[in-house]
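Novice: In case you want the letters, here they are:
Number of protein chains: 2
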Amino acid sequence: MTQSVNELMEQIGAQARKASTYIMQASDEQKSTALRFMAQRLLENADYLKTENAKDLENARNNNLEPALLDRLTLSDKAIHLMATGLNQIAAMADPVGSLSATRVLPNGINIAQMRVPLGVIGIIYESRPNVTIDAAALCLKSGNATILRGGSEAFHSNLALGNIIREGLAHAGLPETVVQVVSTTDRAAVGKLITMTEYVDVIIPRGGKNLIKRLSEEARVPLIKHLDGNCHIYIDQYADLEKAFQLALQAKTFRYGICGAMETLLVHAAIAQEVLPRLAQAYAEHQVELRGCEKTRTFIPDAKPATEEDWDTEYLGPILAIRVVDNLEQAIEHIARHSSGHTESIITERIHEATLFQRQVDSSSVYVNLPTIFADGFEYGLGAEIGISTNRLHTRGPVGLEGLTTYKWVLNGNGQLRK
Amino acid sequence: MTQSVNELMEQIGAQARKASTYIMQASDEQKSTALRFMAQRLLENADYLKTENAKDLENARNNNLEPALLDRLTLSDKAIHLMATGLNQIAAMADPVGSLSATRVLPNGINIAQMRVPLGVIGIIYESRPNVTIDAAALCLKSGNATILRGGSEAFHSNLALGNIIREGLAHAGLPETVVQVVSTTDRAAVGKLITMTEYVDVIIPRGGKNLIKRLSEEARVPLIKHLDGNCHIYIDQYADLEKAFQLALQAKTFRYGICGAMETLLVHAAIAQEVLPRLAQAYAEHQVELRGCEKTRTFIPDAKPATEEDWDTEYLGPILAIRVVDNLEQAIEHIARHSSGHTESIITERIHEATLFQRQVDSSSVYVNLPTIFADGFEYGLGAEIGISTNRLHTRGPVGLEGLTTYKWVLNGNGQLRK
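If you read the sequences in order, they're chains A and B.
If you're matching positions, the first sequence starts at 1 in our numbering and goes up one per residue.
If you're matching positions, the second sequence starts at 1 in our numbering and goes up one per residue.
Calculated directly from the structure, the hints in this document are not laboratory data.
Errors might be hidden in some of the hints.
Which copy? The list can't say, so a pair holds if one copy fits it or any two copies do.
[What the hints assert, rightly or not] Here are the computed lysine-lysine pairs in the DSBU-like style, where the Cα-Cα straight-line distance is at most 30 Å:
| hint | residue 1 | residue 2 |
| --- | --- | --- |
| 1 | Lys-420 | Lys-226 |
| 2 | Lys-226 | Lys-214 |
| 3 | Lys-226 | Lys-210 |
| 4 | Lys-296 | Lys-226 |
| 5 | Lys-210 | Lys-296 |
| 6 | Lys-50 | Lys-305 |
Generate the whole structure from the sequences, applying the supplied hints.
Specialist: And the structure:
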């Protein structure tokens, strides 16, 4: 059995590598035509998609899947419309492939530039949400990459049905159907093979929980563009506009608890803690947010539970907030250096000196001034759409849009120059 | 024994991580002062360096090291001067850290940009040349990274002596001496530990032969910026200026046989093969270059040996050249797609159509028009200096200068905007 899964994945890999040489050269017109046709066929096939999805939902109910997961798994009319809208939006985006940057003329007259080119073959490994099948395939296709999609077994029928729609779009635009392949086995060995086929796969983008990503990080030989924790901080400086600070700190926690940009620890300068903390505590209480504070915090918010060392390192992804009162900016930066996961942090201050120091010294993928951390999102950054948020240091950092799915090659144009 | 090597490497790693937080924030003035002082101390300590180097040379002779390797290992006065000059050149380069790119104002008034920041901690693993100790340390320091250097055992005393000079420079500029650490053990287990300490090391740059790099690729958990083969091609199109083609093809092979940009296979359009090949064959014969050709090639160059399938895949790094006559541009591009290592290729043509098609379709890290492949070099690209040439697809491709040793963070400046 494992043997035949390996063979299947080898075949998929070889087909993807071959398809990537076609899609790398495809015109934007071809790629956009494929995406728009997929959008049309999604809407026309809503009943088919819901029928296939119903099989997954029934299995999920039989397996007593949690209601939240059932909700993510469901392909409602609304979900189908959102996917179609997303496809049309991505079709309309500017194609990065072939654009030149860093163009210069060298002293010997050679023209030099960097040309954007696709990464090649991208593997996407994801969990229950079937819409990832469409969103990820669309971004990879637009940026000229071949894609291998490996969704969760709980969305098996939904993903295959969406894969059929994708193939229709590719064929309609005259592109090879192997440009996007949905892995048609739920055998876990397929993942193990996918993340080690370095000859066929250039990068793996996992979309899922921490356990998935940790396991893949340990076993992969193919490079990952990965998202680990989002333990995000806001520091309210002594020179903050306190009304602004109140609004930002409130929204950063309560906008949506489950997103990676949600604030998990609030740091407050001692000089303004008395003005800030009781008012914030009341607002958080109205949202049923549980507060866990350091000793000083608890002098201002007596109801707060004592925070432990573990709290500073925790991404709650829920209605809990850790709060620490610090003596100065340096202590805030130190706290972040020790406990942050390097995702997104923000300082609230009106002073240039503190803002600049914070933004230069904090080594996270996004560092804000006077903004809530929940802006960490590809749409908000003007990237149009995102395939995820990278916590890597290399290649691409923060929200990853089309450009993060490309690399470059050097192009040099001469007229017979020789080396000296 | 292995236990204590692991402990040593853990200590070095922890110190490098700590030092990286200092050097990340250091001013260009501090970094350049350190580099210039190292240059001065190198020259003042030439006798000390040569004494330490003599110990390595004696060991090498006792171990019957090849003359070419002995040559690479030798720290002559000239080699010491070259290192000092290199340090002063790197000191004078523009510091990429802190510069902003992709700056925009978003519709909601938020200012967004990407700020260049150091990668963090870089491990360099290299073989016999001790000058890498200085060159690599200097580039990593200038770009704000902490560095762990692991040279070959045959250069042990030389590398430690150069490490002492580096420490003097760091101390002179008020920087922690742990910003650059030379690993003081020749135990091979140190390498195994270095390439798996993901908590302390952000990237490994190997400088050495293919065997070293293949072994590291298989065992590393830390990302590598690596250089594999340089199987480079020149294609002489039917619309080439034949005099230009002659000069370029001759220099691309004979400039220096051992460099990765040296041409290893020459592809020639059938329509001009008769005019091009006999003349080139005579010139190559004057340089004692052995020719291996396809059947058609041998009708024009009867002395050429028959080329085998293996020849198309071989990076000779020596006075051997494979030659194939092709029917058209498409066949040349196909040959390159199948056999190239993705390093550097060039087309010789006077026509825009052929030049554009070649440059768009060939998927190598550098693609030239009317230039010899030996331009693949950081100095020639205007990067000032290079730490190596990357054959990776991700992060950095082709010659790697200071910018390749950095990454970016997103910086957003707002005035209290909330998410909608």
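Novice: For each hint, tell me whether it holds in the structure or not.
Specialist: Hint-by-hint comparison with the structure:
no., hint, in the structure
1, Lys-420 x Lys-226, "between (44 Å within a copy, 27 Å between copies)"
2, Lys-226 x Lys-214, "both (10 Å within a copy, 24 Å between copies)"
3, Lys-226 x Lys-210, "both (10 Å within a copy, 29 Å between copies)"
4, Lys-296 x Lys-226, "neither (37 Å within a copy, 50 Å between copies)"
5, Lys-210 x Lys-296, "neither (33 Å within a copy, 58 Å between copies)"
6, Lys-50 x Lys-305, "neither (46 Å within a copy, 65 Å between copies)"
Going through the hint list in order, the structure does not satisfy hints 4, 5, 6.
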